[in-house]
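*Asks:* This is what each chain is made of:
Number of protein chains: 6
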Amino acid sequence: MAETQLMDFKVDEIFDLFLLLKGADVRTAKNGKRFIHLTFADSSGELAGNLWDASEQDINAFVAGKVVLVRGKKELYQGNSQIKVMHLRLANDSEPNDPAQFVAHGPMTTSEMEEEISQIIFEITNPEWNRVVRAVLQRHIERFYQFPAAKKNHHAFAGGLAFHTISIVRLAKTVADLHPNINRSLLYAGALLHDLGKTIELSGPIATSYTLAGNLIGHIVLVDEEIVNVCAELHFDPESEEMLLLRHMILAHHGLLEYGSPVRPRILEAEVLHDLDELDASIQMMSSAVEQTVPGEFSERIFGLDGRSFYRPELGERN
Amino acid sequence: MAETQLMDFKVDEIFDLFLLLKGADVRTAKNGKRFIHLTFADSSGELAGNLWDASEQDINAFVAGKVVLVRGKKELYQGNSQIKVMHLRLANDSEPNDPAQFVAHGPMTTSEMEEEISQIIFEITNPEWNRVVRAVLQRHIERFYQFPAAKKNHHAFAGGLAFHTISIVRLAKTVADLHPNINRSLLYAGALLHDLGKTIELSGPIATSYTLAGNLIGHIVLVDEEIVNVCAELHFDPESEEMLLLRHMILAHHGLLEYGSPVRPRILEAEVLHDLDELDASIQMMSSAVEQTVPGEFSERIFGLDGRSFYRPELGERN
Amino acid sequence: MAETQLMDFKVDEIFDLFLLLKGADVRTAKNGKRFIHLTFADSSGELAGNLWDASEQDINAFVAGKVVLVRGKKELYQGNSQIKVMHLRLANDSEPNDPAQFVAHGPMTTSEMEEEISQIIFEITNPEWNRVVRAVLQRHIERFYQFPAAKKNHHAFAGGLAFHTISIVRLAKTVADLHPNINRSLLYAGALLHDLGKTIELSGPIATSYTLAGNLIGHIVLVDEEIVNVCAELHFDPESEEMLLLRHMILAHHGLLEYGSPVRPRILEAEVLHDLDELDASIQMMSSAVEQTVPGEFSERIFGLDGRSFYRPELGERN
Amino acid sequence: MAETQLMDFKVDEIFDLFLLLKGADVRTAKNGKRFIHLTFADSSGELAGNLWDASEQDINAFVAGKVVLVRGKKELYQGNSQIKVMHLRLANDSEPNDPAQFVAHGPMTTSEMEEEISQIIFEITNPEWNRVVRAVLQRHIERFYQFPAAKKNHHAFAGGLAFHTISIVRLAKTVADLHPNINRSLLYAGALLHDLGKTIELSGPIATSYTLAGNLIGHIVLVDEEIVNVCAELHFDPESEEMLLLRHMILAHHGLLEYGSPVRPRILEAEVLHDLDELDASIQMMSSAVEQTVPGEFSERIFGLDGRSFYRPELGERN
Amino acid sequence: MAETQLMDFKVDEIFDLFLLLKGADVRTAKNGKRFIHLTFADSSGELAGNLWDASEQDINAFVAGKVVLVRGKKELYQGNSQIKVMHLRLANDSEPNDPAQFVAHGPMTTSEMEEEISQIIFEITNPEWNRVVRAVLQRHIERFYQFPAAKKNHHAFAGGLAFHTISIVRLAKTVADLHPNINRSLLYAGALLHDLGKTIELSGPIATSYTLAGNLIGHIVLVDEEIVNVCAELHFDPESEEMLLLRHMILAHHGLLEYGSPVRPRILEAEVLHDLDELDASIQMMSSAVEQTVPGEFSERIFGLDGRSFYRPELGERN
Amino acid sequence: MAETQLMDFKVDEIFDLFLLLKGADVRTAKNGKRFIHLTFADSSGELAGNLWDASEQDINAFVAGKVVLVRGKKELYQGNSQIKVMHLRLANDSEPNDPAQFVAHGPMTTSEMEEEISQIIFEITNPEWNRVVRAVLQRHIERFYQFPAAKKNHHAFAGGLAFHTISIVRLAKTVADLHPNINRSLLYAGALLHDLGKTIELSGPIATSYTLAGNLIGHIVLVDEEIVNVCAELHFDPESEEMLLLRHMILAHHGLLEYGSPVRPRILEAEVLHDLDELDASIQMMSSAVEQTVPGEFSERIFGLDGRSFYRPELGERN
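Chains as they are written, first to last, in the working numbering: chain P, 1 to 319; chain W, 1 to 319; chain Y, 1 to 319; chain V, 1 to 319; chain G, 1 to 319; chain B, 1 to 319.
A couple of the hints might just be wrong.
To be verified - Below, a sample of chain W positions facing chain Y; criterion: calculated Cβ distance under 7 Å:
id, residue
1, SER167
2, VAL169
3, LEU171
4, VAL290
5, VAL294
6, PHE310
Claimed, not checked - Lysine-lysine pairs mimicking DSS-like chemistry, simulated, CA-CA at most 25 Å apart:
id, chain 1, residue 1, chain 2, residue 2
7, G, LYS74, G, LYS22
8, G, LYS152, Y, LYS33
9, P, LYS152, P, LYS84
10, G, LYS151, Y, LYS33
11, P, LYS73, G, LYS33
As the list claims (entries may be wrong) - What follows is a set of in silico ranges between Cβ atoms, one per label pair, in the way DEER data are often shown:
id, chain 1, residue 1, chain 2, residue 2, range
12, Y, LYS152, P, SER118, 49 to 59 Å
13, G, GLU239, B, ASP25, 55 to 65 Å
14, W, GLY204, B, GLY304, 53 to 63 Å
Rather than coming from a laboratory, the hints here were simulated on the basis of the structure. Glycine included, every Cβ here is placed at the ideal spot set by N, Cα and C.
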């Protein structure tokens, strides 16, 4: 991979880069000819570009998931950066061509995250919750450290799901320190499992789409069912207060029925989990958008925040 | 039980009746003295009344679930009928004192309903759905024929849940006859299970309240979990298309996220089930309200229908 | 008309077909040249396609309502099928060129529908409603059997209005069988007239648009006025309870003020009519969308159902 | 009628007054005894009061519509003035006992209003609209000058409907002077008829309630039907642009579907009529509420203005 | 400036006109080449057009704010008029090239408006309000007579802000004549200042955009702060009732919190100001849209009026 | 003050306590006699009770703000605890009668809070923000440490405003540690000032009501004005980016226009401040409600949390 990455180039600069094709849609232009709308990515970010007058051969070769060598120029199109594709070919075996190397990562390594998750589980002192959390997590452990937290918007990078989970627990610690009446075990247990259903709801870390289970059941209920299954394995009563509380933490974590929770939070810890989940997702969405904005300007509108755009101050680091 | 029933008396008439106490709340009047706010019922309906200046002994004796002998007068209080309690004592063992005899029933007997349900199951020709439906239903079969369909509002009588289920299936048949593209097995299977979770959500047919599972999980998810459990027993894959479709029928049957479904209907049969469920519940609520209204007047406002009141025409049967 | 119809061809197949031009908009491409955006139809359905670099002569010839002979290829454009127009000319007099032959029809013939409508009227036993219904229907009888039920969305085929009416009455029968307190005459009378105003609101069965009366008054009030007029003719008192009830059935049938009803349903039969109307329209919209979808995929989003898309199961007929 | 009127007395003052009973509801107190909740009025305003321990004879004598002689004291009850009834008897024939004398009136006499309405009609220069307006108005002319504009809230005094109409036309003149593109005839014609249906919707000027036509049809559609009827009489085409425009003015004047208009304003004049109607009603509601408030305090909450209360400044006239 | 103006030409007519470039966005076409999307204007209105295949030199020359000589043809593109640019060059010094001459103006000259504003201030008889209004107005007096009332939509012409202010005061006079309880000084004072913050919120009369203060603070609070500042200068107590009332007039004038007022109107005069503000803005938006519509057709949809389109009657002046 | 406090007694226990009268409303009972509705408080909480048949002398003596000696019994009235007043007299000078001793306090002492606030200010490294924060805070410093954070609901104890502020800053630290792109100085500065306007909006710590400035301007704008005033004093440009950012933090902190912010958050730090403000207020409201609830039951409904009630688990400390 080149040292200078995709997002480092300025508008009008020309580059030669190995990039991952994250998407490749065949379309027909208004003049009747076909072109491929491509999404190029490396770990610095992603940009779109079109391959005009695409041949059948192009269409078969340039599909999502392939690594390609691109000569291109960064351009502005209706206010957004895109790539003008000047030359394009598939990477060969002697060149960088492992898709995993071109995917964006979060600020922590997998092993750092594993260590912190392990410590959090240790702090769940209630033995039933501790065992259920470990059993449910174990069923999806590999995907938990690989998946993004969402198809787009927030924590949309590999490992984003685990990092989002850790961020919520760190905030939860401060909240529990301020409010000793909060049940720390319950809050941590809920935080660890709350979004785990996304490993079933989403197809995978690279060409992320919704599965049929995701569309017809949804990640919230999918985790709840896992808890019920694990209860059967561990011979815990799923109707005990402890298990009802834990399931409620998951079921209620979207906060409002309109957002897909079948019940609203009815215990303190469930409301706190919901609030911290929203807080962390919002910050991540705003940070991504503002980072890509010139100081003194407003960012693009963020769909997940009611279409608001956010201002990047000029004073910057000076404060 | 007297031949003339509670709802047959007119305002200002005096009666002596054996009645069930459905509710008994101890309150303090503005003059500082205690009274008991009582809800009296027989199979014709229910009315409230107060026992003024209640002694400790009264408070201990007159509790919900007891059958009492009442001498009372029907009165109007702010537009509603209520009972002015003139004398009150508990029924003794030689008198009618079985609460079950004082509860309202629907238009079909239990055995008629059992027969029709059995026939419906027979028409679910898909063998997996057929087995799942029978297994889930079997787990709650007794309560299915005893429970009301709701705490109040619609089908709030013993057996209301089963009768509501049957009504939906009858409508579903007409719909499926009109639209041959509808999957009849799926629609019937969803209809049979859709509200079964109410047997877990509600405490019972007489002093109906919400259980903790009802409050924290809700009847929709409770049935979904039962299906997942039954799949494990029967060694069916819960992630097969067939099982996802059936679970979706249940999860989506409230139609809107705001009404507690974690997903909106995404298959034709799920939307139809939702629409028929609403239709049948609305008709039941309106019919109850209009029945208690004098021709030429508007009924009381119905909470479950946006607070609307409904007019009972004078022309009556003549049409 | 060719035996293989427009919707039978697969993507990339080439065909020669006589087709009706349902729409023809002249537009300017981004390169400054004119093209015509055409909508082609036969009784199997409709597809769009562009005639590029259109001459003045083309623009004058290819207008909505004409039958043309097309050589074309079915293509995918942004997920939707469209026609790549390879050759195009008007049909001549010795060829199929009657627009009426290229319009989609519902599942019943006009004479079957007439017979069923006639039977329904017979079952309106109240003599005043019976006479009013017949008189109002008579004023628009021809259009009633020709018009679609809506400009697009549901029952958007010739005869759709009458077929939608019949479907509602069939459902109404099942409802009335279940609930003997429903006034069957009133429900049928309301069902027969409820959408008749669409024959005034819409311009016609082929190039359907809204009339000025449709835009400024709306089909709901237009029928109500017809009833008032007919009352004058028949010397019925429009303020009698019977006529108020019938008018209310029409005025309230959209259910909510937001949907254009000036009053919400205040009688049982009006609420039922509204619910059945919505049910039948929804099923029709979903059925159309799902029919055009490959098994295992989600349909296009349906505007009239909150933009939801619907899944077409793979298990198909097997159930 | 006494010179000092009901609203002139201060809290704790005792008075002897002839007053109209606007309402008389028999209720049962918490101690089981009956009382009558009375609404007393003269032309200065109205106040409530209770007659405790009411006998059968009292209940038969003191009914709505009667004039009574009251000895009472003004009291505060939960922040509102009310009357403590010390003595009560019916007025006899030699005393003031004409209910019409005890009803509040607006700032103009009937003959002043007749003159102004007559002048407005004169300014409707379009002959068709002029004739229709006169014909429709003539059908309800007596009630037009007697009725309130609403059951409660705004212009709830005798003659309020005509005065509200005149106020709107005066505002309309200023608007039309500012905007010469407005069709003055159409705006005046719409203003004159817009609320006339209230003479059918409401039972009368004294014990105002909704009629069945009011509940099932609503005053908006009731006027539209009158226009259609008058068109038939005058042999005007109800589907001509002129008549569609006039009917649209009426149908759209509530502005939003949610407020009962079956169509939203689609012509400039209809939007203006709606805005002026709301403006005048709001001012009237606020003025009434503020008038009854002590300077330096907030008024009661006004239901028709989203429950807001309004501040009465201390600086008062000084400005 | 040519005698025949931009908006006078018909579709397909060719013209040579000096026009102001109100906007100039560089974009890339689907064929990969750059073009400039231009907005041309003179005092009769504005139209868009594209300069295809734009060179670097074109991009540098044709920027917003320049006057150009255009040879063009009026065309229809998707129902809207636009300009097909046939030739384009900058105006030279001997030709009309003052941007101010190409801007639309309202119906009053600046000096007429100054005179009327001066008279209105004279009628604010409360001396404190009179002085505050004059002081605040003086700070922005030049911009007050130059600015539009909004970026687009209503009164979007030079001087629109002052004309909108005057229109509101004229309506306010009629209202105050009808309702003598209204504090005329307060209503006029609020009307004069209500939108003055737009001179800070918007960048200027020609290439109008939002300033940072506009985005982060908003014009409502910006005026309130000016009043507080002026109070300090004049040694008035900002917490006196008089100053609180005046500030409340400004803060509440958007009527609803959703529309950006931090408080809802809590005094009569504030509600009236809000209503008149909305009324005047609506009429202006509708008038502009209808003026550009052919009689017998509906206008474009107006964003600020919920996307409604408005009908322009054919009967026109005849009424 | 007695060692056992008001909230320590159980239902039916009789006590003799010195208590503060937080409220005293004179009302008339349904039997026509006056009573005083009293709110009694000590630092453990507050309860209501009625003094029946109150004399003029009682009404004059027992007013809000007085300390009284009460003999009373704790009772249940419609599910809530209240006091049955058995005897009541004013405390004399030799008895505890300082109202300040009977007010509830938060978990930190004033001096602990002062120290922490001082440290936070020290961490605002931007010198302009640092000076503005100190100057604005200084103007209201005494009230800042005495006031509750709200009239009721959250942090409704003396010192609640300062404690709420500190809680937010502690959460802000964790957030800023997780997200290094956040401007810590700006977030702390905004947090310190965000609710300071409540010292102007509310009348005081004991008989808390809204001031006229509170009602007509609101606490959000009141702080913004203070910043503008302080800028003038310190000769800072209020339109500099730094000051616009700080003012925006305050103006936007309610998050939504519907909640009274005149602008929505448009910078990252403003959104975070809003989210933390809501989070802390919610937790405080839930904690108060749950604390007063028996384990295994649901709390009272919390108005500020959409009327939800919260469950207090039985498992309690064991976790």
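*Asks:* Are the hints correct? Go through all of them and say.
*Replies:* Do the hints match the structure? See the list:
no.: 1; hint: SER167; result: 6 Å, holds
no.: 2; hint: VAL169; result: 11 Å, violated
no.: 3; hint: LEU171; result: 6 Å, holds
no.: 4; hint: VAL290; result: 6 Å, holds
no.: 5; hint: VAL294; result: 14 Å, violated
no.: 6; hint: PHE310; result: 6 Å, holds
no.: 7; hint: G:LYS74 / G:LYS22; result: 18 Å, holds
no.: 8; hint: G:LYS152 / Y:LYS33; result: 31 Å, violated
no.: 9; hint: P:LYS152 / P:LYS84; result: 24 Å, holds
no.: 10; hint: G:LYS151 / Y:LYS33; result: 33 Å, violated
no.: 11; hint: P:LYS73 / G:LYS33; result: 14 Å, holds
no.: 12; hint: Y:LYS152 / P:SER118: 49 to 59 Å; result: 57 Å, holds
no.: 13; hint: G:GLU239 / B:ASP25: 55 to 65 Å; result: 28 Å, violated
no.: 14; hint: W:GLY204 / B:GLY304: 53 to 63 Å; result: 34 Å, violated
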